[in-house]
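Protein chains in written order, with the working numbering: chain P, 1 to 289; chain S, 1 to 289; chain F, 1 to 289; chain V, 1 to 289.
These are computed hints drawn from the structure, not numbers from a lab. Note that the coordinates shown come from a computational prediction; the quantities given were computed from them, not determined experimentally. Take these hints with a grain of salt, some might be off.
Computed Cβ-Cβ distance ranges for the label pairs, DEER-style [unchecked claim]:
#  : chain 1 : residue 1 : chain 2 : residue 2 : range
1  : P       : 194       : S       : 218       : 56 to 62 Å
2  : P       : 53        : S       : 59        : 50 to 56 Å
3  : P       : 124       : S       : 275       : 27 to 33 Å
4  : V       : 247       : P       : 270       : 39 to 45 Å
5  : V       : 85        : F       : 122       : 23 to 29 Å
6  : S       : 274       : F       : 247       : 16 to 22 Å
7  : P       : 83        : F       : 30        : 52 to 58 Å
8  : S       : 218       : P       : 78        : 48 to 54 Å
9  : P       : 166       : V       : 105       : 38 to 44 Å
10 : V       : 276       : F       : 86        : 25 to 31 Å
11 : S       : 108       : F       : 148       : 43 to 49 Å
12 : V       : 276       : F       : 285       : 39 to 45 Å
Straight-line distance between alpha carbons at most 20 Å, and here's what the computed SDA-like set of lysine to any residue pairs gives [as the list claims (entries may be wrong)]:
#  : chain 1 : residue 1 : chain 2 : residue 2
13 : P       : 204       : V       : 197
14 : P       : 204       : V       : 148
15 : F       : 204       : S       : 239
16 : F       : 204       : S       : 30
Heads up, the beta-carbon is just placed ideally off N, CA and C, and yes, glycines get one too.
There are 4 protein chains.
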Amino acid sequence: MTSPTWHGGAQAVVTLTFDVDAETPILAAGRRYADHLMTMSHQAYGPDVGVPRILELLAELGVPATFFVPGWVAEQRPGLAATIVEHGHEVAHHSYSHRAPTTLSAAEERADFERALDVFVAQGIEIRGHRAALWDATRVTLELIAEHGLAYDSSLMGDDRPYLLEVADRSIAELPVHWSLDDWEQYAYLPSPQIGSVIESPRKVLEMWTAELDAMRHYRCLFNLCLHPFLSGRPSRLLALRSLIEYAQASGGIGFARCRDLAEAAHSDLSLPRRTPPAVSADPDVYPD
Amino acid sequence: MTSPTWHGGAQAVVTLTFDVDAETPILAAGRRYADHLMTMSHQAYGPDVGVPRILELLAELGVPATFFVPGWVAEQRPGLAATIVEHGHEVAHHSYSHRAPTTLSAAEERADFERALDVFVAQGIEIRGHRAALWDATRVTLELIAEHGLAYDSSLMGDDRPYLLEVADRSIAELPVHWSLDDWEQYAYLPSPQIGSVIESPRKVLEMWTAELDAMRHYRCLFNLCLHPFLSGRPSRLLALRSLIEYAQASGGIGFARCRDLAEAAHSDLSLPRRTPPAVSADPDVYPD
Amino acid sequence: MTSPTWHGGAQAVVTLTFDVDAETPILAAGRRYADHLMTMSHQAYGPDVGVPRILELLAELGVPATFFVPGWVAEQRPGLAATIVEHGHEVAHHSYSHRAPTTLSAAEERADFERALDVFVAQGIEIRGHRAALWDATRVTLELIAEHGLAYDSSLMGDDRPYLLEVADRSIAELPVHWSLDDWEQYAYLPSPQIGSVIESPRKVLEMWTAELDAMRHYRCLFNLCLHPFLSGRPSRLLALRSLIEYAQASGGIGFARCRDLAEAAHSDLSLPRRTPPAVSADPDVYPD
Amino acid sequence: MTSPTWHGGAQAVVTLTFDVDAETPILAAGRRYADHLMTMSHQAYGPDVGVPRILELLAELGVPATFFVPGWVAEQRPGLAATIVEHGHEVAHHSYSHRAPTTLSAAEERADFERALDVFVAQGIEIRGHRAALWDATRVTLELIAEHGLAYDSSLMGDDRPYLLEVADRSIAELPVHWSLDDWEQYAYLPSPQIGSVIESPRKVLEMWTAELDAMRHYRCLFNLCLHPFLSGRPSRLLALRSLIEYAQASGGIGFARCRDLAEAAHSDLSLPRRTPPAVSADPDVYPD
Chain P
1 MTSPTWHGGA
11 QAVVTLTFDV
21 DAETPILAAG
31 RRYADHLMTM
41 SHQAYGPDVG
51 VPRILELLAE
61 LGVPATFFVP
71 GWVAEQRPGL
81 AATIVEHGHE
91 VAHHSYSHRA
101 PTTLSAAEER
111 ADFERALDVF
121 VAQGIEIRGH
131 RAALWDATRV
141 TLELIAEHGL
151 AYDSSLMGDD
161 RPYLLEVADR
171 SIAELPVHWS
181 LDDWEQYAYL
191 PSPQIGSVIE
201 SPRKVLEMWT
211 AELDAMRHYR
221 CLFNLCLHPF
231 LSGRPSRLLA
241 LRSLIEYAQA
251 SGGIGFARCR
261 DLAEAAHSDL
271 SLPRRTPPAV
281 SADPDVYPD
Chain S
1 MTSPTWHGGA
11 QAVVTLTFDV
21 DAETPILAAG
31 RRYADHLMTM
41 SHQAYGPDVG
51 VPRILELLAE
61 LGVPATFFVP
71 GWVAEQRPGL
81 AATIVEHGHE
91 VAHHSYSHRA
101 PTTLSAAEER
111 ADFERALDVF
121 VAQGIEIRGH
131 RAALWDATRV
141 TLELIAEHGL
151 AYDSSLMGDD
161 RPYLLEVADR
171 SIAELPVHWS
181 LDDWEQYAYL
191 PSPQIGSVIE
201 SPRKVLEMWT
211 AELDAMRHYR
221 CLFNLCLHPF
231 LSGRPSRLLA
241 LRSLIEYAQA
251 SGGIGFARCR
261 DLAEAAHSDL
271 SLPRRTPPAV
281 SADPDVYPD
Chain F
1 MTSPTWHGGA
11 QAVVTLTFDV
21 DAETPILAAG
31 RRYADHLMTM
41 SHQAYGPDVG
51 VPRILELLAE
61 LGVPATFFVP
71 GWVAEQRPGL
81 AATIVEHGHE
91 VAHHSYSHRA
101 PTTLSAAEER
111 ADFERALDVF
121 VAQGIEIRGH
131 RAALWDATRV
141 TLELIAEHGL
151 AYDSSLMGDD
161 RPYLLEVADR
171 SIAELPVHWS
181 LDDWEQYAYL
191 PSPQIGSVIE
201 SPRKVLEMWT
211 AELDAMRHYR
221 CLFNLCLHPF
231 LSGRPSRLLA
241 LRSLIEYAQA
251 SGGIGFARCR
261 DLAEAAHSDL
271 SLPRRTPPAV
281 SADPDVYPD
Chain V
1 MTSPTWHGGA
11 QAVVTLTFDV
21 DAETPILAAG
31 RRYADHLMTM
41 SHQAYGPDVG
51 VPRILELLAE
61 LGVPATFFVP
71 GWVAEQRPGL
81 AATIVEHGHE
91 VAHHSYSHRA
101 PTTLSAAEER
111 ADFERALDVF
121 VAQGIEIRGH
131 RAALWDATRV
141 TLELIAEHGL
151 AYDSSLMGDD
161 RPYLLEVADR
171 SIAELPVHWS
181 LDDWEQYAYL
191 PSPQIGSVIE
201 SPRKVLEMWT
211 AELDAMRHYR
221 CLFNLCLHPF
231 LSGRPSRLLA
241 LRSLIEYAQA
251 SGGIGFARCR
261 DLAEAAHSDL
271 SLPRRTPPAV
281 SADPDVYPD
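Using the sequences and the hints given, assemble the complete structure.
Structural data, given as structure tokens:
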């Protein structure tokens with residue numbers, strides 16, 4: 001009898017993840033932007049127009065997904081998280097306010113982290129995993145994840161396969177991400193706050209992600225795709241996503257999983273490496289502040 | 001008998017819009033640029049060379065368009081607005097000075113808004129709609145549109161189909177825009193003031209917009225294309241626009257409309273959602289200034 | 001008998017121009033960069049490796065070109081300008097130091113302009129035309145061109161066909177340029193001083209310029225291509241330029257000219273528009289400093 | 001009998017070089033980033049995941065390479081340099097800390113340079129060549145290379161073929177690099193410290209490098225490719241590299257060499273030009289600080 005593996009025998013595993021940030025990344029850059037109506041409406045498109053279309057697409061194709069939702073967003077749009085769960089998908093922790101943890105004190109980060117948990121408890125949404133705002137995790141982030149008994153984090157980039165992080169006597173499954181599998185660098189553009197530059201064509205993005213999926217099948221990796229409904233919910237980008245999923249389904253040998261299910265499989269995979277969080281010591285005589 | 005719809009039965013509606021900004025976005029960055037002759041000539045190309053070619057192209061293809069003209073530009077080039085109207089197109093309000101409303105006080109914005117209206121009244125140009133400079137509308141912008149009885153705004157991004165905005169006891173049709181259907185992010189480049197980075201090929205832009213048009217037909221949307229004569233008036237970009245229009249015409253099921261006509265249809269469409277302007281409340285204990 | 005035309009009956013005219021800037025744009029950003037050896041060597045590649053290959057390519061294809069050389073560069077590399085002229089090409093004025101005229105006082109600009117003329121007089125190089133450093137011409141620039149009896153300028157963007165500029169009782173032929181026909185936005189990259197972002201593929205650049213050439217034939221324009229030997233002198237970029245020239249030669253109906261010859265034809269073309277330099281008046285009550 | 005040539009009769013020579021920077025470029029931007037776990041893990045991917053895959057790929061294809069390793073990285077990962085050498089590749093000097101030499105005093109640069117040499121001596125790694133951090137060499141850099149008897153430098157851009165640099169009575173082979181043959185401008189992206197913009201597709205990068213290889217065969221050049229394991233070690237980028245190498249192998253007439261072997265051939269090639277380091281004198285009356 002063989003022990004269970006994180007990939008369940010698939011050549012590559014796809015986790016479709018949607019960061020439902022809505023207005024939060026902009027407010028984190030300054031609450032004055034609340035008066036910039038175009039900018040606010042640009043962000044609201046995500047939960048209001050993008051998410052329903054995404055849910056429809058996922059249902060049609062029969063694939064599961066994980067939605068990382070800031071607590072603030074779940075609070076502002078009370079039915080949102082429940083609707084996602086009712087469609088069979090996972091809702092996971094994405095901070096309360098979407099401020100970067102590296103810009104917060106430990107106490108601020110704890111308050112933000114726990115406030116989001118409170119929102120989800122109040123809404124009856126069970127949380128099993130976490131992704132840091134801007135992926136910008138600190139050691140405190142990992143300790144909070146461990147302390148609150150979550151099964152996984154999905155913010156780091158040290159590998160392209162899951163691994164186990166040893167934090168404070170507990171083990172967290174790390175489901176690594178990467179900028180090249182994020183729609184933000186391809187599609188995002190706003191003049192104020194200044195975000196992005198040239199807007200890429202969905203054809204280029206589809207071609208790039210398809211190549212990465214093929215290569216990840218070769219190297220047996222986790223294809224952990226990070227999408228934002230306010231970006232990838234736009235019509236031609238959504239059809240490009242449909243093409244990508246259909247390509248993966250037709251390829252064979254590729255599994256689709258919610259992050260929580262993948263994390264469970266990772267915890268059961270005895271061959272998975274166990275690591276400690278990055279702990280780099282930089283000599284002040286060599287490196288500037 | 002069926003009630004009228006905003007799309008008139010088309011699968012997608014195309015509004016070709018041209019923001020005839022000329023020198024205004026540069027002067028808004030600093031009037032010292034008036035002495036930078038290359039920069040001024042770069043902008044003047046729009047009304048002086050681009051607009052005549054665009055009018056010729058639209059006539060040849062038999063499609064209507066909307067030209068958003070800052071009052072300052074109409075004032076500086078007295079025959080411009082009238083010529084556009086004589087060609088059967090619409091001239092609409094695009095502020096007086098092209099300064100972003102979010103950078104103005106309410107009094108300054110009102111003065112700027114009404115000064116543009118005065119220019120058009122003096123030129124006998126009837127104004128039915130408005131687009132904020134840089135799309136950067138405030139609540140004041142919407143109130144001014146309502147107060148002056150305009151039929152529509154075209155500055156927000158909360159949807160990709162028209163909807164009705166309830167403002168001060170009146171209803172404004174919102175014809176939403178988006179960065180991905182704007183030629184600025186693809187083509188604009190100036191070193192001082194610093195604008196843009198890499199200049200994209202018209203082939204890429206045509207491919208991207210064609211894909212969005214196809215996808216918008218799938219989702220039955222408004223393809224609200226925003227072009228700048230100083231950018232898209234250049235030869236190969238204009239021929240790419242010609243290809244896009246011909247593609248749309250050959251596809252079938254796609255309507256072309258001036259914004260004012262689309263706004264009128266939207267006001268008559270009883271099924272259209274009625275919304276209030278974005279009103280985001282950002283907690284000062286959470287979000288920085 | 002028909003009067004002479006600027007295009008001599010061609011559908012489009014190609015002026016191949018090479019701005020032999022060498023180290024000057026970097027030194028203009030700060031003379032401290034003189035100690036940055038990589039950066040200096042990056043720039044020196046232009047005259048040292050790029051120019052000889054370019055001369056060889058032009059000879060092989062039998063096409064003339066114009067080389068805009070800063071006086072400082074001609075001074076530092078004494079044989080450079082003469083070699084270019086011996087190959088049948090034109091050497092033209094490109095300032096002495098490549099500092100942007102908009103950053104200089106009128107006296108500084110005059111000193112810089114005349115110092116370059118002195119260098120070329122000393123080297124026996126006859127100068128007929130001028131291009132401002134960074135194309136960033138001022139009213140002073142045009143007055144200096146007129147005062148010194150040069151036949152043309154090639155710095156402005158208000159058209160894509162030659163026209164005549166009336167300056168101080170004289171007439172200057174303007175041979176307009178544009179960012180989309182400049183290799184700088186496509187290829188340039190340096191971290192310090194920070195220049196450029198993504199480096200584009202010569203295939204994309206060739207495709208874009210070929211499309212513009214075709215479209216300019218349609219609109220009967222001047223294809224005024226601006227190249228930098230330190231950029232376009234690199235192997236695959238040079239072969240892309242070869243492909244472009246061969247495409248133009250094979251297309252038929254396209255003329256090649258040195259700028260001075262084109263300027264002479266422009267002065268003889270009685271149908272050419274006569275304009276005054278851009279003179280934009282920006283109201284200080286409307287526009288900020 | 002013919003004298004030996006740097007290219008050994010090949011039409012072009014390929015040096016595959018990998019800058020194993022790991023965390024150093026980020027720490028050089030500020031040691032506070034040591035607490036940014038995502039950023040640190042993004043960099044650690046290079047030596048931890050990228051390098052083993054690269055070694056496997058090179059072994060499979062039977063091509064040699066050169067790994068430029070900062071002393072700090074070799075120190076932090078004790079087995080790394082030895083493993084590279086055991087695979088038949090070269091380990092070369094890439095500073096200790098990856099701080100740009102142009103930001104250091106002469107004494108600081110000397111200390112950094114020699115500290116790296118000490119690390120390699122202690123690990124029994126023989127060093128024959130050097131590449132400056134960020135390629136940002138100073139005159140001091142070249143003097144240190146000469147003083148310590150290294151055979152080559154690979155940081156400058158004044159040519160695309162090897163040449164000899166005369167420094168302090170010694171001769172250094174310069175193996176020139178260029179931004180267009182660097183994966184950093186194509187793939188790198190980080191928000192903090194801010195690096196890069198749009199992330200390019202490996203297909204575009206492969207197409208661009210293949211064209212440059214072909215053109216360099218035409219001009220008989222050194223194709224000195226600079227890759228970073230944390231960037232090019234990602235799955236689809238690595239497969240693009242495999243395609244490039246296979247293309248070069250199938251083309252015929254292309255040699256592969258370690259830098260040290262190429263440098264040795266360069267020193268034996270009597271026809272190679274002998275130059276002095278760039279020494280640009282910038283007049284303080286003309287150029288600003």
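Legend entry - Hint consistency between residue 204(P) and residue 148(V) [alpha-carbon to alpha-carbon, up to 20 Å]: 48 Å, violated
Inset, instruction - Quickly compare the C-alpha distance for residue 204(F) and residue 239(S) to 20 Å and report which way the hint goes. - result: This hinted pair holds, its Cα atoms lying about 18 Å apart.
Inset, instruction - May I ask you to test the hint 16 to 22 Å on the CB atoms belonging to residue 274(S) and residue 247(F)? - result: 56 Å, violated
Legend entry - Verdict for residue 218(S), residue 78(P) (Cβ pair) under range 48 to 54 Å: 30 Å, violated
Inset, instruction - Take the C-beta atom of residue 166(P) and the C-beta atom of residue 105(V), compute their distance, and say whether it sits inside 38 to 44 Å. - result: Check passed, 42 Å falls within 38 to 44 Å.
Legend entry - residue 204(P) paired with residue 197(V) [C-alpha distance capped at 20 Å]: 15 Å, holds
Inset, instruction - Measure nothing beyond the straight line between the CA atoms of residue 204(F) and residue 30(S); if it is 20 Å or shorter, mark the hint as holding. - result: It is violated: about 34 Å lies between the C-alpha atoms, which goes past 20 Å.
Legend entry - Cβ distance range 52 to 58 Å for residue 83(P) and residue 30(F), holds or violated: 57 Å, holds
Legend entry - Cβ distance range 27 to 33 Å for residue 124(P) and residue 275(S), holds or violated: At 28 Å between Cβs, range holds.
Legend entry - residue 194(P) paired with residue 218(S), Cβ distance criterion 56 to 62 Å: 32 Å, violated
Legend entry - Range agreement (Cβ of residue 122(F) with Cβ of residue 85(V), hint 23 to 29 Å): 57 Å, violated
Inset, instruction - Given the hint of 25 to 31 Å, check if residue 276(V) and residue 86(F) actually sit that far apart at their C-beta atoms. - result: 27 Å, holds
Checked against the numbered hints above, the structure breaks hints 1, 2, 5, 6, 8, 12, 14, 16 and satisfies the rest.
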